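K.L.:
Heads up: the protein sequence lines correspond to chains H and A, in order. Counting from 1, position 40 in the first sequence corresponds to residue 40 in the numbering used here; the numbering is continuous, with no gaps. Add 1000 to the 1-based position in the second sequence for the numbering used here, that's all there is to it.
In short, the hints are calculated from the structure, not lab data. All values reported here derive from a predicted model rather than from experimental measurement. Even for Gly, the Cβ is constructed at its ideal location relative to N, Cα and C. One thing to keep in mind: the hints can contain errors.
[Stated by the list, open to error] Far from chain H by the CB rule (all over 12 Å, computed), these chain A residues:
1. Q1006
2. L1011
3. S1012
4. G1016
5. N1022
6. E1057
7. Q1080
8. P1081
9. Q1098
10. P1111
[Unchecked claim] Capping the alpha-carbon separation at 35 Å, the derived lysine-lysine pairs in DSBU-like fashion look like this:
11. K11(H) / K78(H)
12. K1002(A) / K11(H)
13. K11(H) / K1067(A)
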Amino acid sequence: GAGVSQTPSNKVTEKGKYVELRCDPISGHTALYWYRQSLGQGPEFLIYFQGTGAADDSGLPNDRFFAVRPEGSVSTLKIQRTERGDSAMYLCASSLSGRAAGELFFGEGSRLTVL
Amino acid sequence: QKEVEQNSGPLSVPEGAIASLNCTYSDRGSQSFFWYRQYSGKSPELIMSIYSNGDKEDGRFTAQLNKASQYVSLLIRDSQPSDSATYLCAVSSGSARQLTFGSGTQLTVLP
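Please take these sequences and the hints and turn them into a complete structure.
P.N.:
Quick look at the structure:
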């Protein structure tokens, strides 16, 4: 596709459940990022992939959060034992590896609501 | 803790006026600076990047950077109602690929 694609666009789950959020980056973009945005706040960095490996996962809040990118393209953000505080918009972004950090193309996000 | 501060607004300007958006950052090692625009219910969209002190102009947008004062601003000339959005300042440091975002300034351009 032409842009970053994220699915699902909306996810409602119950506390304690497991969720997966998927991101399909722009074709040819080797760098992929996950950010989380709460209402009224700017996006907060979670994790960055260069190719298949997680180059920086320092933003993951705890070990309930995990992300993979097994073939260097599609990425999945996995959240175990969800908590109400996990409710937010989860944004995926991609960029060309040769471009400066910060020149990102964002997807439309996956809105997660934990009841 | 790296911080990026913005006035949350809302900032209202009449159509045709200059809108001035400001941002300060705490990490003196910051090297790259970005302005993103976010319409309500949409994802952020990059509108300007700036890497060295001074001004950078792109159409109606001018980004200004002063590293000594740890200050970056965005000027929007001839503001249009379609410019009404939240503007996010973002900063990255050194070789780090992650961005630190401010909480954004909500701009309303009144017809």
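K.L.:
So, against the hints stated earlier in the document, which numbers end up violated here?
P.N.:
1, 9, 13
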